[in-house]
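Given the coordinates of chain A, assemble chain B onto it according to the supplied hints.
Going down the list, the sequences are from chains A and B. By numbering that gives the first Met the number 0, the letter at position 78 of the first sequence is numbered 77, and the numbering carries on one by one without gaps. By numbering that gives the first Met the number 0, the letter at position 259 of the second sequence is numbered 258, and the numbering carries on one by one without gaps.
Worth flagging that the hints you see were computed from the coordinates, not collected in a lab. Among these hints, one or two may not hold up.
[Claimed, not checked] Derived lysine-lysine pairs resembling BS3-like cross-links, with alpha carbons at most 27 Å apart: (1) K97/A x K568/B; (2) K149/B x K277/B; (3) K108/A x K149/B; (4) K801/B x K207/B; (5) K282/A x K190/A; (6) K108/A x K97/A.
[What the hints assert, rightly or not] Sample of chain A residues with no beta-carbon within 12 Å of chain B, all distances over it, derived: (7) G16; (8) R27; (9) L31; (10) L33; (11) T37; (12) V48; (13) Q114; (14) F121; (15) S144; (16) S186; (17) D189; (18) M193; (19) K284; (20) T317.
All of these numbers come straight from a predicted model, not from anything done at the bench. From the three backbone atoms N, C-alpha and C, an ideal C-beta is built for every residue, glycine too.
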Amino acid sequence: MAQDAATLKDGALIDIGAVETSAKKATRDAYLRLLRFTGLRLVALFFTVVIGVYLTILIANMGGYVDEIRRAQIREGVDLRMQADPSMQRLSAEERDKFIAGEVARGEKRVGLDQPFLIRSFTYLRNALTLNLGFAEQLTSDSGSKQVRNVITERLPSTLVLFGTSNLLLFFLAIFAALRLSRRYGSFWDKLVMALAPTSAAPGWFFGLFLILIFAGLLQWLPFGGMVESPPPKSTSAYALSVMKHMILPVMATLIGAIFLSIYNWRTFFLIFSSEDYVELAKAKGLPDSMIERRYVLRPTLPNIITSFALMIISLWTGAIILETVFNWPGLGQLYFRAIGLFDTPVIVAVTVVYAYLLGLTVFMLDFLYALVDPRVRVGKGGTGR
Amino acid sequence: MRMNKLLVLMMMLMLSVSVVACDRGDTPDVDTPPVGDEGAVDPDVDVDADADADADADADADADANTEPDEPTTDRTGAWIDELVVVEEPDADKAVTRLEAGDIDVYAFTISSPQTYAKILDTAGIDYKTSYGSYTELTFNPGQCADEGKINPFAVPRIREAMNWLVDREYIIAEIMGGLGTPRFVPINGASADRGALAAEIRAIEAKYGHDMERADEVVTEEMEALGAERVDGAWMYNGEPVEIIGIIRVEDERQQIGDYFANQLQQIGFTVRPDYKTSAEAAPIWQQSEPSECLFNYYTGGWVSTAINRDASTNFNFFYTPSGLPRPLWQAYTPTEEFAAVSQRLNDSDYSSLEERAELFAEALPMALEDSARVWLLDRSSVAPLRDDVSVSADLSGSIYGTTLWPYTLRTIGEEGGSLTWASASILTEPWNPIAGTNWIYDSTLYRATGNWPVMADPNTGLQWPQRVASVDVLAQEDLPVGKTLDWIGLDTAAEIVVPDDAWADWDAESQTFINASDFYTETATALMKVTTTYPDDLFDTVTWHDGSAFSAADMVMSLIMNFDVAKEASAVYDEAQVPALDSFMSTFKGFRITSQDPFTIEFYTDNWSLDAENAVTSLRAAWPQYGYGEAPWHTVAIGIGAETAGQAAFSADKATTLEIEQLNYIAGPTLEIMDNVLAESAAAGTVPYSPTLSAFIADGEAEARYTNLAAWNEEKGHFWVGSGPFFLEEAFPVEGNVVLNRNPNFPDASDKWARFSAPAIAVVEVDGPGRVTAGEEAVFDIDVSFDGDAYAMDDVQQVKYLVFDANGDMISSGEAEGVNDGAWQVTLDSDVTGQLEAGSNRLEVVVVSNLVALPSLGSMDFVTTP
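So here's chain A without its partners, still in its complex pose (with noise of 0.2 Å):
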């Protein structure tokens, strides 16, 4: 009842209850059109997620093309071995035709060439789709198993390792070092990142390989490669020294690589937010700088700065191809070059499934971390976000 009641105020009649309605309506109108932009959003990424992995089974495997490779393999295969085995070579040559024909069939059926590319495409999107990731058809593990799992997460850990440790320290060092030179525009430190901006047009492992020739050819002070010394050492600590000395060349490499090029975009970046009126009146008013860098510049960056973030640590799932391969690090991106070369289409897929299930679920995510850092970003009517 007292929900219902009337009020007489200032001479007009509230219904308190109306009032109540209205705001649980406009709650549950919210919460509605949140529930509709979040599920829109799923099934929009769901759908791009399907037509990118489809795609990639069909580039990956050229349309179907790839199947005839598969078959010329498989017989090149077989007939080696007929021409390395002495004694099938006094059999008579209908023998041997029934031999090498019977084998053919034999591999073709294992690898499932005995079903039309098409039907086999769908069963690659299923499993993939429910992440039902399965065995390699080439590739097996570092230890030797067939499940792409293992073949994938046994290189993960060393990725993650490298890459983790070179991407967090570029990131960070880039972003500190850009708003430190934003308030310095002009100033020597400025004007020699400019500078040397250009060196980032090469790529990390061409450093790398002058890195190589100078600390382990020349000095000797570092290893050429790897991820360990050999044989690696039993302790734990002494393991983990081993990988950071391992480390050193590779991280120094991807930073020298891309450092200045980083430094300068996020410069330019934060020069546009440093030149604000509100900063120059943050900066009359005498805050210091730490606060001024904080408050003022860093905040309304912050949707950027979290994108990038967000994009760097998932991309840190496929590794770098030749990077690893200069410096021998037994990483994805060598992993992944190596299925694409061998036509490995479930690691290929489990590959690109996994980043796109985790590129889908970072931007849904971030749509909302836009909406928590940033009070201009709200779920508009009519289900879109803004």
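Just chain B now, with coordinates in the frame of chain A:
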């Protein structure tokens, strides 16, 4: 503030490092402790390089490798070194830098890049081993185009033959290969037994088909005009369109430049060429699988690899030139002449009764192969495997360091015993290790060979087998077979008929798990073409022990015999469809085996699979030894694999594992270790003896329990189930880090220097000396000096010294055999009849030395002037 940031960064770094460290700790296979394709442009350079290192390394090495070793020169047994650390280095160029820096000691890979080869030559402190196992050719499409508007010039044999004159092999080797190769004209490998025996015939072919652009153009013009093409402004036209040649050019190695070179040569004689660059995988569907009549390609830059010295090239003609070679569209388009097909078939079927008859067939086939030229052979590639110059190791003439089973016995730091060496390989731990159907990658098999023992070992320089564990082998061959022997250690006799005894085992009954006797298997008395009787030493079971401490026993031998059959029998619990073809192939020549004594262990093997060399009755010699296809193993480690497969938890072969969607057994790492550990516990508890109806008779009381206990202790200590009896044992494998550690087996019975005499290939250096001026019609005498490493080549080690005389036109006018004077000294006498045939001008005497010690003939020559 800065300090805080740095601390955060350091913590992040440590955190990520600990992720890896923890992951390593969780993996059961890692944290475990230890137990108890090219004619050498300059053969002299190669020889000297190898010889220098090895002469230092093995001052006591006897160049006379055709004899048993002298008394041991050391008390040490087994491997020379204590530890071998194996690492992965896929980049050959970087490997050379690492060798120079002392980071690695051996790079066990064959390098054929001219740039890397040049770097090796320029780098101090690095030596190399040369091998000759791979070769390059041009494969032609011999089919007529279905599209009548097109012509395929290579459908015409004479045009294909003319390509031999069009290509300048010397140019290719010098300019493209950087010297890493020797010209090749025939389908016989440079490093092979037949190359030396047919040296004169081959040299005559080389003289006939030397580079001659004008002759090539002339023949092509004749044939193209006969096809109805016309040359307009220098370009061949057919039906008003340019005659286009499509070249499928492989891009992975120097074949790309070779393909381009050939395209350029074709353009010079009027063809329009469209190069199509492809990788192996991309090219195979076109050159192998497409119908030749579709004319999707005209030539392909082919390459072949031989990882062991070929002792018998007689099947090559049939394989490379006739439709019998392979049931592939390309092969089915081959149209050899009736005569060539017949000779090829006879050689393929070993349809000859003497070596002389065989040589005559070769002499007939060789020129016909060139006239057919479905393939134009370009070069035998030389490949080099670099190593530090203070390190010594054997290398196979064809398969390099990783192609020989001798490397574990000869690898050492020169002048030292013990110590550790680091061996780099282009890849490592490529696929699962299991003895029945595990990895066959050379990078893996090279390593597991070191953990195994062998009944016989292949000579890395001739391909002939030498005794390792056997006491004696006696070969009995049917009388009409041209079987011979080179080495004294083997017995060879002949018989009119070889009857398979009734009690010989001829097959396996997987249901009753017993062997089937010949009397039950054959409906009438069976005979075999060859019988091989292998007798092992009296003390075999006392001197050989498995790495886990288990005693080697007859049961290990019998298990090996059983596994030949059981995996391919449908009634077996470990039946594997993928193994059936191998058994079918084996059974096509197998007749039976019989264990005639257990002490000493003696086994007779009856087979129709004979070979020209008695020493190389390989299948027979190795049949009983527990060297399975993919590594040596005692019966008890095989048994736990069988247990895992029987339970459906894992499978030996990749085929079966894929079909059943289970893991392939890996004895050294990965998820199947746990499965095998469980099987081991069950087997130990139950005292399981596999194939009990047969094997129990060879197993002593308590042996099974003792073996399982030993294996459990081994796994506890090492973290794996890989057990052999070879000179090294697998100490530890680090799959993700790409490391393997092999340690010396202290219980290996043989002296470390047993195989030292094979450290360097005794490739002869030939020098010809004689009159620079010869008067026609007068006798001329030439001296031939044959040496190795500065010492005279023993006459007994020389199989033959042939000479060939070429006139100023390059035509061979005479050939014969030189006469031996004494060790290292031979003489050629050209009588007045021969010199009388020489026209005035520059002539040439060429000498080919065929050694008993190496399968690579050595050449020498001298030019002289003839005056009337």
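Quick rundown of the hints versus the structure:
1. K97/A x K568/B: holds (19 Å)
2. K149/B x K277/B: holds (23 Å)
3. K108/A x K149/B: The given pair, whose Cα atoms are some 38 Å apart, is violated under the 27 Å limit.
4. K801/B x K207/B: Within the cut-off at roughly 19 Å; holds.
5. K282/A x K190/A: holds (23 Å)
6. K108/A x K97/A: OK: K108/A and K97/A at ~17 Å, within 27 Å.
7. G16: G16/A clear of chain B: closest Cβ-Cβ about 54 Å, beyond 12 Å.
8. R27: holds (43 Å)
9. L31: holds (41 Å)
10. L33: For L33/A, whose nearest Cβ neighbour in chain B is about 34 Å away, the distance exceeds 12 Å, so it holds.
11. T37: T37/A clear of chain B: closest Cβ-Cβ about 32 Å, beyond 12 Å.
12. V48: The assertion about V48/A holds, with a minimum of 25 Å to chain B.
13. Q114: holds (14 Å)
14. F121: Non-interface label on F121/A holds, nearest chain B Cβ at 19 Å vs cutoff 12 Å.
15. S144: Nearest chain B Cβ is 5 Å from S144/A, so the label is violated.
16. S186: holds (18 Å)
17. D189: Per Cβ check, D189/A is outside 12 Å of chain B; nearest 19 Å; holds.
18. M193: Since the minimum Cβ distance to chain B is about 23 Å, M193/A lies beyond 12 Å and the statement holds.
19. K284: holds (22 Å)
20. T317: holds (17 Å)
Hints 3, 15 from the list above are not met by this structure, while the remaining hints are.
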